[in-house]
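The lines below spell out each chain.
There are 4 protein chains.
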Amino acid sequence: MYSFLCDYSEGAHPRILEALNRTNLEQTDGYGMDSHCLSAAALIQKHIKRENADIHFFVGGTQTNLTAISAFLRPHQAVISASTAHIQVHETGAIEATGHKILLKSSADGKLTPADIQAALDEHEDEHMAKPKLVYISNSTEIGSIYFKAELEQISAVCRENSLILYMDGARLGSALSSKENDLTLPEIAELVDAFYIGGTKNGALMGEALVICRDDLKEDFRYHIKQRGGLLAKGRLLGIQFEELFRDNLYFELAAHANRMAELLNNCFMEMKCGFLTHSPSNQIFPILPNNIIEKLEKDYSFYRWKKTDETHSAIRLVTSWATEERDVYVFIERLKKYYRSTDC
Amino acid sequence: MYSFLCDYSEGAHPRILEALNRTNLEQTDGYGMDSHCLSAAALIQKHIKRENADIHFFVGGTQTNLTAISAFLRPHQAVISASTAHIQVHETGAIEATGHKILLKSSADGKLTPADIQAALDEHEDEHMAKPKLVYISNSTEIGSIYFKAELEQISAVCRENSLILYMDGARLGSALSSKENDLTLPEIAELVDAFYIGGTKNGALMGEALVICRDDLKEDFRYHIKQRGGLLAKGRLLGIQFEELFRDNLYFELAAHANRMAELLNNCFMEMKCGFLTHSPSNQIFPILPNNIIEKLEKDYSFYRWKKTDETHSAIRLVTSWATEERDVYVFIERLKKYYRSTDC
Amino acid sequence: MYSFLCDYSEGAHPRILEALNRTNLEQTDGYGMDSHCLSAAALIQKHIKRENADIHFFVGGTQTNLTAISAFLRPHQAVISASTAHIQVHETGAIEATGHKILLKSSADGKLTPADIQAALDEHEDEHMAKPKLVYISNSTEIGSIYFKAELEQISAVCRENSLILYMDGARLGSALSSKENDLTLPEIAELVDAFYIGGTKNGALMGEALVICRDDLKEDFRYHIKQRGGLLAKGRLLGIQFEELFRDNLYFELAAHANRMAELLNNCFMEMKCGFLTHSPSNQIFPILPNNIIEKLEKDYSFYRWKKTDETHSAIRLVTSWATEERDVYVFIERLKKYYRSTDC
Amino acid sequence: MYSFLCDYSEGAHPRILEALNRTNLEQTDGYGMDSHCLSAAALIQKHIKRENADIHFFVGGTQTNLTAISAFLRPHQAVISASTAHIQVHETGAIEATGHKILLKSSADGKLTPADIQAALDEHEDEHMAKPKLVYISNSTEIGSIYFKAELEQISAVCRENSLILYMDGARLGSALSSKENDLTLPEIAELVDAFYIGGTKNGALMGEALVICRDDLKEDFRYHIKQRGGLLAKGRLLGIQFEELFRDNLYFELAAHANRMAELLNNCFMEMKCGFLTHSPSNQIFPILPNNIIEKLEKDYSFYRWKKTDETHSAIRLVTSWATEERDVYVFIERLKKYYRSTDC
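Chains as they are written, first to last, in the working numbering: chain S, 567 to 912; chain H, 567 to 912; chain X, 567 to 912; chain V, 567 to 912.
Rather than coming from a laboratory, the hints here were simulated on the basis of the structure. Quick caveat, the model's predicted, so the values are computed rather than measured. Misleading hints may appear alongside valid ones.
Stated by the list, open to error - Straight line, CA to CA, 20 angstroms or less: simulated EDC-like cross-link-like pairs of lysine to aspartate or glutamate: (1) S:K875 / X:E689; (2) V:K875 / H:E691; (3) H:K874 / V:D692; (4) H:K874 / V:E691; (5) V:K746 / V:E820.
Stated by the list, open to error - Pulled from the structure, derived: some chain H residues nowhere near chain S, Cβ distances all over 12 angstroms: (6) Y597; (7) S605; (8) S649; (9) E662; (10) L784; (11) F819; (12) E820; (13) F843; (14) N858.
Stated by the list, open to error - Cβ-Cβ distance ranges computed for the label pairs, FRET-style: (15) V:E786 / H:P753: 49 to 59 angstroms; (16) V:S649 / H:L831: 41 to 51 angstroms; (17) H:K874 / S:H656: 41 to 51 angstroms; (18) V:K874 / S:H656: 46 to 56 angstroms; (19) H:E727 / X:N618: 23 to 33 angstroms; (20) H:R726 / V:E689: 28 to 38 angstroms; (21) S:N858 / X:Y871: 45 to 55 angstroms; (22) V:N587 / X:D783: 38 to 48 angstroms; (23) V:M599 / S:D877: 50 to 60 angstroms; (24) H:D895 / S:L784: 41 to 51 angstroms.
Glycine included, each C-beta is placed from N, C-alpha and C at the ideal position.
In isolation and in its complexed conformation, chain S is listed as follows (with noise of 0.2 angstroms):
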């Protein structure tokens, strides 16, 4: 059984465990004050160019939203998201624990406009609801789509005219990055939003994210709140020691356009095959829509996900690849598919 599952199916890419080993019997300091994440921090602020952006490293996604997204509001204010956020959908209320309300705009690709953001800021006028104050963005989004240089742009200026907080969610943004599509830079980034995660997981590291706050006025004691929400590691050198190997060169960018090398191999097959997609996603999951007969006989060499029905006999699947995705699991895929293919009516 091969997993297209996820992206964090494996463990880490293999330089990763070496510095792992190499490092192991040093000594540092506690809780991310060690110098590894210090030399880590640096390396990702040269990747961003901004030097005076503060960079904390945290365990998994769903910690660094809630940490984030709860350090920065205060108690009636509230986030803007599409429906298909991760932090509404997938985080089993998160972001409410903390005591904020989710506005939600849907979306059909995923991505939020800046008349989305608009639409909740007018439809919020008095202290009788919520306030929007920060608004949240995935890239890679949550199906797949990724935000264009121009529309990251025209959120931000929205944000900024309405002294909103924009924050990119980047548990997938090296896929983002990475695609053939994009048209964004880390730097460009960092300029656009005023805070994001750039996402190790999901990218090769055992675990890891990197929060990057670009905005002063929200750095101020963020410490305290990761370690308040429990998100401060003992160990924290873990964390530096892996983005250290993610940033010391392209690393992080490498492994992402690998994964997005896989996804293509296998959207090209699909368009081949004459497939539909539920949406059109140039990076590392897609989401095609097959019959559910060859959906069947693909489950029995195959996990994914069956992400949603789409007719009668028909089903959008989601495949995900990533780094550790060889091309030879690839292939045979491809094979199997275009036989079930030719031995099926569809």
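Dock chains H, X and V against chain S, hints included.
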């Protein structure tokens, strides 16, 4: 500079790194639903002799404490703890951030007594006061002391008589159970408390704490709480693999016993030098009281905490040993200490 | 300027003021433990025909909702409600501020259906999502509609099959139960829901809502929650005295019936004028759709909400009547409206 | 049975009831936006000599405290208070329920000192501990003592040097300011603290506390917080009308002065009987220490709290007087007390 600051200065025991390397390319399910987590849970159940205990793995202690306590309590219910408790002193208000009050009982030796618990119950009698519901104890405590069997039995009895939940923070449970003075076993603890955790971070793991829920009515929906608080690790297997290694045989206890032996060597030396101690500690943290001029000399080559000024010319320091402390480094320290004493008027 | 803005524009019904004056110098216990609160609770128990229901008095609706919902739920549990729900739209995120997510179901008429509830259950199936546990409905709803007996029975059935708590916001329960179209009784409601409140503020009291908890397992320690959320009124008797007066006889229902009659007079006039309505409302809030130029004329002498633009030249307005609305004021309004229509090309 | 249990045993001063009766049929805006609230706020601003202070009306003290404190603080920030503080002892964990830790300083007389504040600051120095940010004091305190001008100036100075918010709970501010020993004025308090509230419930109102926010940066969006915590009263005018009456002239201070005089009469009698006192109280709560057999006799005709056992045969009791305490009832009490003393071997 050699560090006796804490027991999480180094990475992981070599067997743990080997296991991570060995399993790195396995594809597993995420979020702790993989075979390694299941196997680690089974090993722990066997060690504690309770097959129906629920085992959940966390990355760190504060996260374990805040998730368990907030899951177990209703909003108006409060925690009883010693004034020295980690949740009171060193978690940045994490428990209060989930909405719960901590009711403090002053403690000289870090331990809570049945009388403390009874007093807290007596003082809180109506709806104008928070309602005591959970008793938090640490073993070993934050200042190195350990609970004896008779003590734990009495605490357990007063809790059960009063329908209080008894929770043990086991960040350093290995050290407590491996102490020469200890008369408790893991199965006895599992019998006497309602939930406890077995600390890995401070005993040889890269990171990881195994929460054990013994009481049935505390088990329901627990994974929701882990996720909501940001503690559900995507590559949950990392925790499973480490606890598999620690509990496959007696590695967990051997590492702790080593740490205790190293602390004992230091302890014996301080006793030989006629030092006093802040508190009696039979575990891997010791708190000798030294002349300030000797402390200053030691600080040139060693990191450790100055814990408390005890008079104008003396202070208690904290020295912590671990699985990674090497005997030769302890002997070098002892030699230096003796030399400083010989050359000083104390 | 005459106001149809809301049903809390005036003070209290004269009988209530008289009762407050009459009892003013009595010395009573505080916090709702006095004889008036006990007597009011007994009167309500009699009206709902459940002597073992627990009755708690609150000053206002938002406080009642947030206290009850946060007392009933564990942290990971969520509320299912219509998108028009007061807790969703007009409580400034009060429910989320206690840590709970609200799962919205879009509703045209302000009512929730069994299918909505089932859909919410189906969509939330594992620990990565909040767990639906409480169903919130309002009767009458925020847009004037009311629940019929068959509807409430079906909702109650789906809740009980799925171990969901059914909670009814009765801020305007008097108006709902006194509606000409109503086929529900107080005892039936108490049978079908698990908790509900009987609104006084909008039906003749200075302030006050009576929360009725029908289900035994929701009753425990409830006064702690009221106190913790700041809702335990020192001179609790003020609430008891008012509800004594409202439920000593049928005053509560008579006041609501009067409000409904006044709304019906207005309603009939709008129908005569061939106005459309935003929604069908048989209670004390009506939402006629008027030409904007007529609205502007009315606004010179009357306050009311412009609720929603319905096309380029028309808007729905909200008119609310109450126990204090005098018939002669309604007739003056009607006269004016008719005059404006006669003199206008609509 | 006559009650000295508390200062909220009766309803309201007749002038307040008259005002409520007089204004009953006025139509006003809801939620504190009416002319009575505006006028009451203006009267209070004049009394405190700060026209730019923000005034918000609440129904009760716990609600005022929890709303203000949670609005003023970020999640990691904590409150410093005396161990006797109402928020610590008698609000069921209301502050913690909004997420904030209370750091206690033991106090014999109910007052906090600059040294206590400095100690709390010194003890909390890094992100592993909650960060002290707000100082909570009560005047008069929970045990009847009052702050003198020099004390408040010193506390204010240490707060401003350390960027701490100084908040005064004025549930019994009237009694404090009307005490014979008092040397503080309302304008001085408004100058020295950042926010405080003027208690109405315990000084002649049916209910009501007026929160005064002096510091500009604490004012923003405050009404959102009131609404979110359930404290925005629909018929807000009820609070405005009462404070109009209390501050239209000096009624507020006259009522408090009466209460203090009644307490003084009692006090003098206890001194004459050579009773000791638990604490020195120049306000409307006194804590004489009596032989238990005399207490038992008094309990036949009077309600009051047994506050604390002081030795095997004596206890301190609490007697509270109010605007409604009549002189003749005090004299009857005194006569009885003297009689019991005469007939007893104490």
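Status of each hint after checking the structure:
Taken as a hint, the S:K875 and X:E689 pair is honoured in the structure, with Cα atoms around 13 angstroms apart against an allowance of 20 angstroms. Distance hint between V:K875 and H:E691 is fulfilled; the C-alpha atoms sit about 17 angstroms from each other, no more than 20 angstroms. For the proposed pair H:K874 and V:D692, the alpha carbon gap of about 17 angstroms is at most 20 angstroms, so the pair holds. Annotation: proposed proximity of H:K874 to V:E691 holds, straight-line Cα distance about 15 angstroms (limit 20 angstroms).
About 13 angstroms separates the Cα atoms of V:K746 and V:E820, which keeps this hinted pair within 20 angstroms; it holds. With a closest Cβ-Cβ approach of about 9 angstroms to chain S, H:Y597 is found to fall inside the 12 angstroms limit, against its non-interface label. The Cβ of H:S605 sits about 16 angstroms from the closest Cβ of chain S, beyond the 12 angstroms cut-off, so the non-interface label holds. For H:S649, the requirement that its beta carbon stay farther than 12 angstroms from each beta carbon of chain S is met, with the minimum near 20 angstroms.
Against chain S, the non-interface label of H:E662 is violated: not every CB pair exceeds 12 angstroms, the least being about 9 angstroms. For H:L784, the condition that its CB be more than 12 angstroms from all CB atoms of chain S holds, with the nearest at approximately 18 angstroms. Against the 12 angstroms criterion, H:F819 stays outside the reach of chain S, whose nearest CB is about 21 angstroms from its own CB. Listed as a non-interface residue, H:E820 keeps its Cβ farther than 12 angstroms from every Cβ of chain S; the least gap is roughly 18 angstroms.
At the 12 angstroms boundary, the C-beta of H:F843 stays outside the reach of chain S, the nearest C-beta of that chain being 24 angstroms off. With 12 angstroms as the threshold on Cβ separation, the claim that H:N858 sits away from chain S holds: the shortest Cβ distance comes to roughly 24 angstroms. Distance hint check: the CB atoms of V:E786 and H:P753 are about 57 angstroms apart, consistent with the given range 49 to 59 angstroms. Taking 41 to 51 angstroms as the suggested C-beta distance range, the pair V:S649 and H:L831 conforms, at roughly 42 angstroms.
For H:K874 and S:H656, the hinted distance range of 41 to 51 angstroms is satisfied, since their beta carbons lie about 46 angstroms from each other. A hinted range of 46 to 56 angstroms for the beta carbons of V:K874 and S:H656 is consistent with their spacing of about 54 angstroms. Take H:E727 and X:N618: their Cβ atoms lie about 29 angstroms apart, and the range 23 to 33 angstroms holds. In this structure the hint that H:R726 and V:E689 lie 28 to 38 angstroms apart at CB holds, the actual value being about 35 angstroms.
One distance hint, 45 to 55 angstroms for the beta-carbon pair S:N858 and X:Y871, holds here, with the actual separation near 51 angstroms. Take V:N587 and X:D783: their Cβ atoms lie about 44 angstroms apart, and the range 38 to 48 angstroms holds. Distance hint check for V:M599 and S:D877: the Cβ-Cβ separation is about 54 angstroms, which falls inside the suggested range of 50 to 60 angstroms. Distance hint check: the CB atoms of H:D895 and S:L784 are about 43 angstroms apart, consistent with the given range 41 to 51 angstroms.
Against the hints set out earlier in the document, violations occur for numbers 6 and 9.
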